[in-house]
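J.: Using the sequences and the hints given, assemble the complete structure.
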Amino acid sequence: MVIEAFVQALQNLANPGLLLWMFGGVIVGLIFGLIPGIGSLTAIALFFPFVFRLLPEQALPFIVAVAAVGFTGGSVCAVLLNMPGQETNAATIMDGYPMTKKGEGGRALGAALMSSGLGGAAVVFISLALVPLVLPIVVAFVSADMVFIILLGLAFIAVLGSGSMIKGLISGGLGLLISFIGYQAVTLAPRFTFGSAYLYDGLGLLPLSLGLFAIPEALELAVRGGTIADTDRAIAVVDNVWEGAKDVFRHWGLWLRSTIIGYIVGIIPGIGAITATFIAYGQAKQTSKHPEKFGTGCVEGVIAPESANNAVTSGALLTTLALGIPGSATMALALGAFLMLGLIPGPEMMTKHLDLALTLQLVVMVSNVIAAAICFATASQLAKVAWIPSRILVPLILVIALVGVYAYREMFNDLIVAIVFGGLGLAMRRFGYNRPGFFLGFILGVLFEKYFFIALRVAGPLFFVRPISLTLIFIIIALFVYKPLKGLFQRRRGVQRA
Amino acid sequence: MKLKGSSYFLIFIMVSMLVVIIASLRMEYYESKLLPLLISGVVFILAGMGLRNEIMAKDGQQTKAIEDETGGVVETKGGWRGNLVAGAWLVGFFLAIYLIGFVVAIPLFVLAYMKSHGTRWLVAITSAVLTTAFIYGIFEFALKVDLYRGLLFSYY
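In order, the protein sequence lines correspond to chains A and B. Heads up: the first sequence begins at 1 in this note's numbering, then just goes up one per residue. Heads up: the second sequence begins at 1 in this note's numbering, then just goes up one per residue.
Just so you know, these hints were derived from the structure itself, not from any lab. These numbers come from a predicted model, not from an experiment. One thing to keep in mind: the hints can contain errors.
What the hints assert, rightly or not - These stretches of chain B come out as covered by chain A in the derived footprint (C-beta under 8 Å, 3 or more residues):
(1) 41 to 52
(2) 87 to 97
To be verified - Each computed SDA-like pair below joins lysine to any residue, with the alpha-carbon atoms no more than 25 Å apart:
(3) B:K144 - A:L55
(4) B:K115 - A:L393
(5) B:K2 - A:A427
(6) B:K115 - B:A96
(7) A:K450 - B:A23
(8) A:K486 - A:M165
(9) A:K486 - B:G48
(10) A:K483 - B:M49
(11) B:K2 - B:M49
(12) A:K486 - B:R52
(13) A:K246 - A:A373
(14) B:K144 - A:N413
(15) A:K293 - A:I260
(16) A:K483 - B:S6
(17) B:K144 - A:Q58
(18) B:K144 - A:G204
For glycine and all other residues, C-beta sits at the position ideal for the given N, C-alpha and C.
T.: As C-alpha cells, then:
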C-alpha cells in the first residue's frame, strides 16, 4: 500500500500543474522569508484568500512550499544584513554576520544555503521511511483517543513554547471557546450568537487567521518605521559562495547530526524550529575541536542551525498529516488550509489520501532544493528586499489582508472580525500570549467537541479507559508536571550546595 | 499598587470568561453548555493565577513579551501610542471601505499613508495606482470577486 502510494506520489510530483504551484510557493516563501518581521507565517495567512479557491492538488503544494522555504530566504538576511528573516535564523547570525564582516559573506551564505537545501531535502527520506511505522498507530485511534490527541497538541504548544505556561494554556482555551460560536454539532442549538445571523455558522477561519497573524505584524512594522535593514549595503558583498557550499561536505558529520536534531524537534509539536537551531548550534560548539572560534565567524556555526531549521518542516508536516497536530505555527496555518479544502489530517489522511501525504513530503524536498538553487544565483539581489521601506510594505499588507478577508465569503462583517482579532492579536503579541496556540484551539475546537460527544455516547463517561487514551493522558500530565518538578529539584540542589 | 497593561488584559479575560459562564448557564441543552462551562472555568482560574503572579511579582519592570518562534515575536518594542496611531490608520481604511468601497478606498489609503510618511508624490501616486490595479485585476477579474462598492456608491 505504501509503495503504491509512493509511486502515485512520484507521478503526482511529475504533474506540471503541481510543479508550477510549488514553484510559485517557493518564490512567495523566499520573498516573505527574506522580509524580517513578516516571514512565511504571514505569507500563508495572506495567501489564504487565493488558496481556498484552488483545487487541493494546487493549493497544498503551494502552502507546503511556502512553509518549507521561508527559513532559506531568512538565512540570506541573517548572514548579509545581521537581521534574521525569521526568528529561526537568529542562531545563524552569531557566526554568519561576523563572517560577512570579515569579507567571507559569500562563503557563509554558500554554507547556509547548501546546508538548508540539503537538510530540508534529506530528511524527507526519513519521513518516507517512517510512514509504514506510523500508519498502524494512527489507524488504531478512535474518537476517545482523538479527544486526547487534540488536548496533547494544545498542551505541547502551551507547555513547550518558551513563553509562560499559564499564558499558553489561556491562549489555547480562548481559541477553543471562540470555536464554539455558532451551531452546536450535537444539538444544533446556536451558542454565543447574541441573535446575530452572521454568527450562526461560526467565525470564519480566514478573517481570524489574517487578524491574528497578518494585521499585528503590519501594525508593529508601522511602529518600527524606516527600512527593515539598517546595515551598510557595501558590506553585503557576495562572492566565494561555492567555497561555503564545499564546507558543508567537509563537515558532513555536523550537517547530518544537525539535520537529525531538526527533524526530531520538528516531529514534537510546539517546540519549534528556533529551539532546534539553538540545540544544533550548541552541539556543534560542544563537539567542535575549536569551540573558542564560535561567535567570531566560524562556518560550523552557520552549517548547524541552517541544517536544523529546514529539517524541522518535514518532521512537523508528518505530525500534522498523521495526527492532525501541527508541529509548528506554519503547520497550524497549513492545517487550517487543509480543513478549508475539505481534507481532515489524521487517520483518514494516512489511509485514504496517503499518496497526497507522500506527495507533500516530496514537495518539501524539491522546494528546498529549488529554493537553495534560486538563492545561490540571486542572493545579493534578494537581500535588497530588506531595504524596502515600511511605509510601502505596511499599506500593501493591510490592503491585501482586508481585501483577502472580504473575498473569502464576500461578507462585510468578516472585515469587522478581522479588525477585532487584529487588535486581540496585537495585545497577545505584546503581552507574550501564544497566538498559534489560540489558532490551534480555534481550528480543532469543533473536532474536539465532536469526538468528545461521540466518545461519550459510544463508551460512556469512562471513555478514556483505553490503553492509547491513558497513555496520552499520562503524557499530558507529565508535560505539565515536568517543568515545576524540574524547578523544584533545581532549587533543592541549589539549597544543598549553599 | 499600579497595574500593568498585561494585568488589565488578564482582567479583561476574566470578565469575558464570566460572561461566557453566565451565557453558558442559560443554555438549554447540557451538550451545548458542558464544554464552554468547563473551558471558561479553567481559563478564568488560569487568568486569576496569572493576575496574582503579576501583582505579586517583586520587580515592577515592564514585562518583555517573549513569545516563541511560533508566534513570530522575540521582543516588544515601542509603546502603545505607536500601535494606536497605526491602528487608527487601519480603522480609517476600514471606514473608508465602508463608505466608498474598496476600489476608491485603496488608492486613497495607500496615497494618504505613504504621503504622511514622507514618500515623494510620484512614488506615492504610482504605488497607489499599481496597488489598486493589482487588487482589481486579481480579485475582480481573475477570482470574480464582487468587491464591496461602499455605502455611498451601492445605490448606483
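J.: Tell me if the straight-line CA distance from A:K246 to A:A373 falls inside 25 Å.
T.: 15 Å, holds
J.: Is B:K144 close enough to A:Q58, meaning Cα to Cα at most 25 Å?
T.: Between B:K144 and A:Q58 the Cα gap is close to 18 Å, so the pair holds against 25 Å.
J.: Given the hinted pair A:K486 and B:R52, is their Cα-Cα distance within 25 Å?
T.: Holds, at roughly 22 Å.
J.: Quick one, are B:K2 and A:A427 close enough, alpha carbons at most 25 Å?
T.: 19 Å, holds
J.: Next pair to validate is B:K144 with A:N413; report whether the Cα-Cα distance is within 25 Å.
T.: 20 Å, holds
J.: Hey, B:K2 versus B:M49, does the alpha-carbon distance stay inside 25 Å?
T.: 18 Å, holds
J.: Keeping to a limit of 25 Å between CA atoms, is the pair of A:K483 and B:S6 held or broken?
T.: It holds: about 23 Å lies between the C-alpha atoms, which stays within 25 Å.
J.: Are the Cα positions of B:K115 and A:L393 separated by 25 Å at most?
T.: 14 Å, holds
J.: Can the segment 87 to 97 of chain B be counted as covered by chain A under the rule of three residues or more with Cβ-Cβ separation shorter than 8 Å?
T.: holds (count 7)
J.: Given the hinted pair B:K144 and A:G204, is their alpha-carbon gap at most 25 Å?
T.: With Cα atoms ~20 Å apart, B:K144 and A:G204 stay inside 25 Å; holds.
J.: When you check the alpha-carbon spacing of A:K483 and B:M49, does it fall within 25 Å?
T.: With Cα atoms ~17 Å apart, A:K483 and B:M49 stay inside 25 Å; holds.
J.: Given the hinted pair B:K115 and B:A96, is their alpha-carbon gap at most 25 Å?
T.: 17 Å, holds
No hint from the list above goes unmet by this structure.
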